[in-house]
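Chemist: Chain B: place on chain A using the hints.
There are 2 protein chains.
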Amino acid sequence: MANMDKLAVLVNTFGSSLISVGQEVGLAVALNKSQVSQGVKVTNICAASLIGIVGKEIQGTAVVMLDQTGFEAVVSAMSGGMIQSNPQDPLAMSVVGELSNMVSGRALIQTALSGVDVTPPQLLVGENIRNVPNQTPEVKCFTLPFTLQPSGVLYLVLSFSTS
Amino acid sequence: MANMDKLAVLVNTFGSSLISVGQEVGLAVALNKSQVSQGVKVTNICAASLIGIVGKEIQGTAVVMLDQTGFEAVVSAMSGGMIQSNPQDPLAMSVVGELSNMVSGRALIQTALSGVDVTPPQLLVGENIRNVPNQTPEVKCFTLPFTLQPSGVLYLVLSFSTS
Numbered sequence: 001m002a003n004m005d006k007l008a009v010l011v012n013t014f015g016s017s018l019i020s021v022g023q024e025v026g027l028a029v030a031l032n033k034s035q036v037s038q039g040v041k042v043t044n045i046c047a048a049s050l051i052g053i054v055g056k057e058i059q060g061t062a063v064v065m066l067d068q069t070g071f072e073a074v075v076s077a078m079s080g081g082m083i084q085s086n087p088q089d090p091l092a093m094s095v096v097g098e099l100s101n102m103v104s105g106r107a108l109i110q111t112a113l114s115g116v117d118v119t120p121p122q123l124l125v126g127e128n129i130r131n132v133p134n135q136t137p138e139v140k141c142f143t144l145p146f147t148l149q150p151s152g153v154l155y156l157v158l159s160f161s162t163s
Numbered sequence: 001m002a003n004m005d006k007l008a009v010l011v012n013t014f015g016s017s018l019i020s021v022g023q024e025v026g027l028a029v030a031l032n033k034s035q036v037s038q039g040v041k042v043t044n045i046c047a048a049s050l051i052g053i054v055g056k057e058i059q060g061t062a063v064v065m066l067d068q069t070g071f072e073a074v075v076s077a078m079s080g081g082m083i084q085s086n087p088q089d090p091l092a093m094s095v096v097g098e099l100s101n102m103v104s105g106r107a108l109i110q111t112a113l114s115g116v117d118v119t120p121p122q123l124l125v126g127e128n129i130r131n132v133p134n135q136t137p138e139v140k141c142f143t144l145p146f147t148l149q150p151s152g153v154l155y156l157v158l159s160f161s162t163s
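Heads up: the protein sequence lines correspond to chains A and B, in order. All residue numbers for the first sequence refer to this note's numbering, where the first residue is 1 and numbers rise by one. All residue numbers for the second sequence refer to this note's numbering, where the first residue is 1 and numbers rise by one.
Simulated from the structure, these hints should not be mistaken for laboratory data. Check each hint, because a few of them may be wrong.
To be verified - What the simulated footprint calls covered on chain B by chain A, stretch by stretch (three residues with Cβ under 8 Å from a Cβ of chain A suffice, anywhere in the stretch; the number is not a length):
| # | segment |
| --- | --- |
| 1 | 46-52 |
| 2 | 60-68 |
| 3 | 121-132 |
| 4 | 140-150 |
Said to hold, decoys possible - Once the Cα atoms are required to be at most 30 Å apart in a straight line, the calculated DSSO-like pairs of lysine-lysine come out as:
| # | chain 1 | residue 1 | chain 2 | residue 2 |
| --- | --- | --- | --- | --- |
| 5 | B | 41 | B | 56 |
| 6 | A | 6 | A | 41 |
| 7 | B | 56 | B | 6 |
| 8 | A | 56 | B | 41 |
| 9 | A | 6 | B | 41 |
| 10 | A | 6 | A | 33 |
| 11 | B | 41 | B | 6 |
| 12 | A | 6 | B | 6 |
| 13 | A | 56 | A | 6 |
Glycine included, C-beta positions come from ideal geometry on N, C-alpha and C.
Next comes chain A alone, as it looks inside the complex:
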């Protein structure tokens, strides 16, 4: 139960971090609270940035996933329209990596978990990318869906095991 509380705080903190980072970088992002779910529920993903998180109390992954229009919204907002939003372009994808870095960094600082370290973002592109939930019972998975402006969807998929 204590572990589930810790996870709930972490998941909420990731959600609020994305919103506050979005405000700072000029990306209008709204959490679809009614669609927050345990497990994985993503559709039409063409770009993903994964950050591994390892600490004394927690190990897991935070994944920012975007559909095509969501990808365009993120790259356009964060680069001030200076970078073409082509997922094949490593520079455009690095913008998504930077967003996931900022969100994870802020969330982990705010939760004040001890001794947490993260990996550099691993960037993936493709068609219809989906996470497959881990079968290990100690790994809990959460999907936070966000609506972007002018259009597009961003999913924050969080998988954590606590110890």
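Modeler: Frame of chain A; chain B shown alone:
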């Protein structure tokens, strides 16, 4: 230079770990040495398992990537033909996660890096999944392509920054 040496040892150890784990689980796997490359070079990937690696000297990601026939070869060999090789099936994908766990665990023990911890595998499916190399100069990326029996390809994509 010392860092590049450390990385070269790590990359080689991941390669030999995959071969020895393959032998133990009945998966015939051969490294295409001539095609080992710095950077990312993968095609036709439908399934991936990512493990985040965090230590005092190193941070990064090890990704096992499979094409459709490679996925079938891995699931069939490791489950003794007991599990249908459908990427939509979390149980079949968990076999790929287990393979990446075994390979990473063995490689990290053999390189004897201090204080290294790993994330649980993050499993992804999709079409034409590709890694996009990180633009940060301190992150180095390597692709090790393996041929599987009876057919299929497995790529080990390693991205590490050393400190």
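Chemist: Against this structure, judge whether each hint is valid.
Modeler: Here is how each hint holds up against the structure:
Interface restraint, the segment 46-52 of chain B with chain A: holds (4 residues with C-beta to C-beta distance below 8 Å; minimum three). Against chain A, the segment 60-68 of chain B contributes 3 residues with a C-beta closer than 8 Å to a partner C-beta. That satisfies the three-residue criterion, and the hint holds. With 12 residues bearing a CB less than 8 Å from a CB of chain A, the segment 121-132 of chain B meets the requirement of three and the coverage assertion stands. With 0 residues bearing a CB less than 8 Å from a CB of chain A, the segment 140-150 of chain B misses the requirement of three and the coverage assertion fails.
Note on residue 41 of chain B and residue 56 of chain B: the hinted pairing holds, with a Cα-Cα distance of about 28 Å set against a maximum of 30 Å. Proposed proximity of residue 6 of chain A and residue 41 of chain A is supported: the alpha carbons are some 22 Å apart, at most 30 Å. With a C-alpha separation of about 13 Å, the suggested pairing of residue 56 of chain B with residue 6 of chain B holds against the 30 Å cut-off. This hinted pair does not check out: residue 56 of chain A and residue 41 of chain B have alpha carbons roughly 35 Å apart, beyond 30 Å.
With a CA separation close to 39 Å, the supplied pair residue 6 of chain A and residue 41 of chain B exceeds the 30 Å bound. Our distance criterion of 30 Å between C-alpha atoms is met by residue 6 of chain A and residue 33 of chain A, whose separation comes to about 19 Å. Between residue 41 of chain B and residue 6 of chain B the alpha-carbon distance is near 22 Å, which keeps this suggested pair within the 30 Å criterion. Proximity of residue 6 of chain A to residue 6 of chain B is assessed by CA-CA distance (about 37 Å); at most 30 Å being required, the pair is judged violated.
For a cut-off of 30 Å, the pair hint linking residue 56 of chain A to residue 6 of chain A stands: about 13 Å separates their Cα positions.
This entry does not satisfy hints 4, 8, 9 and 12, going by the numbered hints stated previously.
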